[in-house]
Amino acid sequence: MTREAILKYKRRLALRNLLILMGGLFLLLVSLFVSMNAGYSKLSILDTLNTVAGKGTATHELILFQYRLPRIVISILIGAGLALSGCLIQGISRNPLAEPGLLGINAGAGMMVILYALLLGITNFSSIFTLPFLALIGAAGAAISVYLLAYKKQEGISSERLILTGIAVQAGISALTTILIVNLDDMRFSIVSGWQAGQIWGANWQYVLTLLPWLCVLIPYCLYKAKSLDVLNLGDEVALALGMPVEKERRKILIVAVMLAACCVSVGGNISFVGLIAPHLARRMVGPKHQILLPVCALTGAVLVCIADTLGRMLIQPSSIPTGIMTAIIGAPYFIYLLVRR
Amino acid sequence: MINSIATENLAVAYGENLVVDDLDMQIPQEKITSIIGPNGCGKSTVLKAVGRILKPKGGMVYLNGHDIRSLSTKEVAQKMAILPQSPQAPAGLTVGELVAYGRFPHQRGFGKLKPEDKKIIQWALDVTRLSEHETTAVDNLSGGQRQRVWIAMALAQQTDLILLDEPTTYLDLAYQLEILELLFRLNREQGCTIVMVLHDLNLAARFSDYMIAIRGGDVIRHGLPEVVMTADVLKETFRIDAEIVTEPRTGRPVCISYDLIKDGVN
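Protein chains in written order, with this note's numbering: chain S, 1 to 342; chain V, 1 to 266.
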């Protein structure tokens, strides 16, 4: 290949990546718009446009701005956050099957939600921030215990140990959770099972405002770590040889991944598969370089959860299928397809 | 003789299992040094400990006279490149992208490649004859090409000292020679100090200025190939009965035939 051909190839690649990024944004806007139209109360496309432009009726404004939009925004934020978290965890563990749930994040958060419902017995939650806060603590607690159990003094954290410990801790917590669930009365059970199914319940602007500042700090930090992730992807030995303090860097990225997933799960409930599928999809589109992979991955996750949430609201009316179930319904077949194709 | 690397009472362990104990070793500057020894003798372990990929359990490693622990891992990477045995590239990564990581120790922040970085990467691709494959995915290359890509990455680090763990594994005869001749040229033309673990004794003797024979974590003999490639040393190191002659084409010792030692033990 000549010099010019290589330059041309590089330019084409850059253009392609840009197009994928733009395409992702466009898809997000489309799903946002479709999502605004979907739901029990019918809003025609014209109604939606009018309301967005500020010319809608009071009812339409209430439905759109107070009920639907916050939920859509939350689903988009959660999608992006979980997808990035999955991408980081897959990056530092060099394992394509790794995802936030594997670090016990979902299980830990779920456990706290159930403990709360069981012990304090309050069915309508005292403050709207109590549950997300507890879920956050549960998620962080589980992730920290996975890390500490996987840590070995001399070698630090190896990818395999991290994942195997994660599976063990997750299974343990899930077992405990099941025992606890049996003891719940019907009322509490419905709240807990709603959480377990990933029913986005934090659907108002206050939750958006609590989630947003975290993401505004964490997501740029992820992008800043793109180069480190690339080097870590070469394996521990090569990364060390290239002068990367592997253990320190991995811990930093792990903390960010846990924080991202924990705050998403705390508001969104147990939403599975996004952290696993979105990085896969993104990697197939743009390859392993994190500088482009991370933004595409975040977009993919956002679109995925937005679509899942929309479908969940459209398929069964007037009730809806929980978003977490929908992501699993979409995600599982794709994942099986991936495995079969190999 | 000035030493690039020296170890003092070096001890390395995997868990509780002490692989290397009390090792004193010197690597001369601007020379090609080969470490030879039987499987499991600790030669890769020594290389990794020297390259600070493994944390030693005890003892000292000196890099150009400085305690290696007094330098940050990034500073070390600017002075010394180490290529582990058969590393794996992430799927879909291209040759050019992988080689560009060699510039990582010299970058800050977001790590944008400067024109001089690009020049060095191009040089590394040229000397390893990979320029044509710059945009090919590493996982689409043959084993020999892949090995050259990793070497190119180590070269892009632009260090005076390069450590390689069995750089010729999986390669056929021509590729083995090609890699070793490349390292030889780097040494003679750029004055790079090369340290490698090699399995092939004859290639080691042919391309090295200095050899170190290790068994059970101890240095059996070190010195010029003529000193190390002797029937006695090979007997002690590999438990083989070797026939050594001087090869007329290179003037270096070669092992033309060998047998297992059949003594009273077996």
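Because the hints were derived from the structure by calculation, they are not lab data. In this text, a Cβ means the ideal position worked out from N, Cα and C, and glycines have one as well. Hints should not be assumed to be uniformly reliable.
Label-pair ranges, simulated between beta-carbon atoms [unchecked claim]:
| id | chain 1 | residue 1 | chain 2 | residue 2 | range |
| --- | --- | --- | --- | --- | --- |
| 1 | V | Gln85 | S | Leu339 | 46 to 52 Å |
| 2 | S | Ile255 | V | Lys235 | 53 to 59 Å |
| 3 | S | Leu339 | V | Asn39 | 50 to 56 Å |
| 4 | S | Glu160 | V | Asp22 | 27 to 33 Å |
| 5 | V | Asp126 | S | Glu160 | 36 to 42 Å |
| 6 | V | Ser86 | S | Arg3 | 44 to 50 Å |
For the chain V half of the interface with chain S, some residues (derived, Cβ under 10 Å), not all of them [claimed, not checked]:
| id | residue |
| --- | --- |
| 7 | Gly15 |
| 8 | Lys74 |
| 9 | Ala137 |
| 10 | Asn140 |
Status of the hints after comparison with the structure:
A hinted range of 46 to 52 Å for the beta carbons of V/Gln85 and S/Leu339 is inconsistent with their spacing of about 30 Å. A hinted range of 53 to 59 Å for the beta carbons of S/Ile255 and V/Lys235 is consistent with their spacing of about 55 Å. Separated by about 36 Å at the C-beta atoms, S/Leu339 and V/Asn39 break the suggested range of 50 to 56 Å. Remark: the range hint 27 to 33 Å for S/Glu160 to V/Asp22 is upheld by a beta-carbon distance near 32 Å.
Between V/Asp126 and S/Glu160 the Cβ separation comes to about 38 Å, which falls inside the hinted range of 36 to 42 Å. A beta carbon spacing of about 31 Å between V/Ser86 and S/Arg3 contradicts the range 44 to 50 Å that was offered as a hint. With 10 Å as the threshold, the beta carbon of V/Gly15 comes within range of chain S, its nearest partner Cβ sitting at about 7 Å, so the hint holds. For V/Lys74, the suggested interface contact is upheld, since its CB lies about 4 Å from the closest CB of chain S, less than 10 Å.
Taking 10 Å as the C-beta cut-off, the interface hint given for V/Ala137 holds, the closest approach to chain S being about 8 Å. Because the closest C-beta pair between V/Asn140 and chain S is about 13 Å apart, greater than 10 Å, the hint is violated.
The structure fails hints 1, 3, 6, 10 (numbered hints given earlier, in ascending order).
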